[in-house]
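Q: Following the hints, position chain L against chain P.
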Amino acid sequence: DSGVTQTPKHLITATGQRVTLRCSPRSGDLSVYWYQQSLDQGLQFLIQYYNGEERAKGNILERFSAQQFPDLHSELNLSSLELGDSALYFCASSPGAYSTNEKLFFGSGTQLSVL
Amino acid sequence: GESVGLHLPTLSVQEGDNSIINCAYSNSASDYFIWYKQESGKGPQFIIDIRSNMDKRQGQRVTVLLNKTVKHLSLQIAATQPGDSAVYFCAENWEGTGNQFYFGTGTSLTVIP
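Respectively, the protein sequence lines represent chains P and L. Going by my numbering, 64 is the number at position 64 of the first sequence; the sequence numbering is gapless. Going by my numbering, 67 is the number at position 67 of the second sequence; the sequence numbering is gapless.
Read the hints as simulated data drawn from the structure, not as lab findings.
If you anchor each label on the Cβ, the simulated ranges turn out as follows:
hint, chain 1, residue 1, chain 2, residue 2, range
1, P, Glu-54, L, Thr-110, 34 to 42 Å
2, P, Ser-80, L, Pro-113, 42 to 50 Å
3, P, Leu-61, L, Thr-110, 33 to 41 Å
4, L, Val-70, P, Ile-12, 43 to 51 Å
5, L, Pro-113, P, Leu-39, 25 to 33 Å
6, P, Arg-63, L, Ile-112, 38 to 46 Å
7, L, Phe-46, P, Ile-60, 20 to 28 Å
Only some residues are given here: those of chain P computed to face chain L with a beta carbon under 10 Å:
hint, residue
8, Tyr-33
9, Leu-43
10, Gln-44
Built from N, CA and C at the ideal position, the CB exists for glycine as well.
Just chain P, same shape as in the assembly (with noise of 0.2 Å):
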């Protein structure tokens, strides 16, 4: 068990629906990161947050949007959702700020799928 909480384990919804994904940092992490995993792209880095800001930005789209919260846990929105969405999202901590020097920690993901 890694520490990091991820729910809905798995979530099927329609197109054009609007979902939130949720994830609790291991305890004492300051760092969240979201990754999306598809069966064509691999693991994808979408945005980290630090200790409640906006701290790197990767491949996200525009219609999805993220934002941790004083508690440090983090919510992934997803919206207006498209059939290409459906992945499995993972949540990852790290301690600090710059990955460069930490490993991440990653939660078991929640099973998106959009029919």
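A: For chain L alone, coordinates are given in the frame of chain P:
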């Protein structure tokens, strides 16, 4: 068009044999590397890491080798066990990436009992 999934390299080994999983990384400026193991239905699990100022690091039953000249990383698993069956990813990171790790496509390891 046709949807094509990632064609993961695959490796099959007999239980008890040693496994070597290879990874070619993309950026000569990468200074931190991690090997992750992902079992079906689970998130990537940290195995071992290495920094660019080292060329070898050992853990429990695992060894990572780094060859910066050819941008190559390998993971050696000693006495492979059925529980080692998983997809293995290498990830690289360098200052200036915006704190993101770049993951390889992964290698699927199957251990034959």
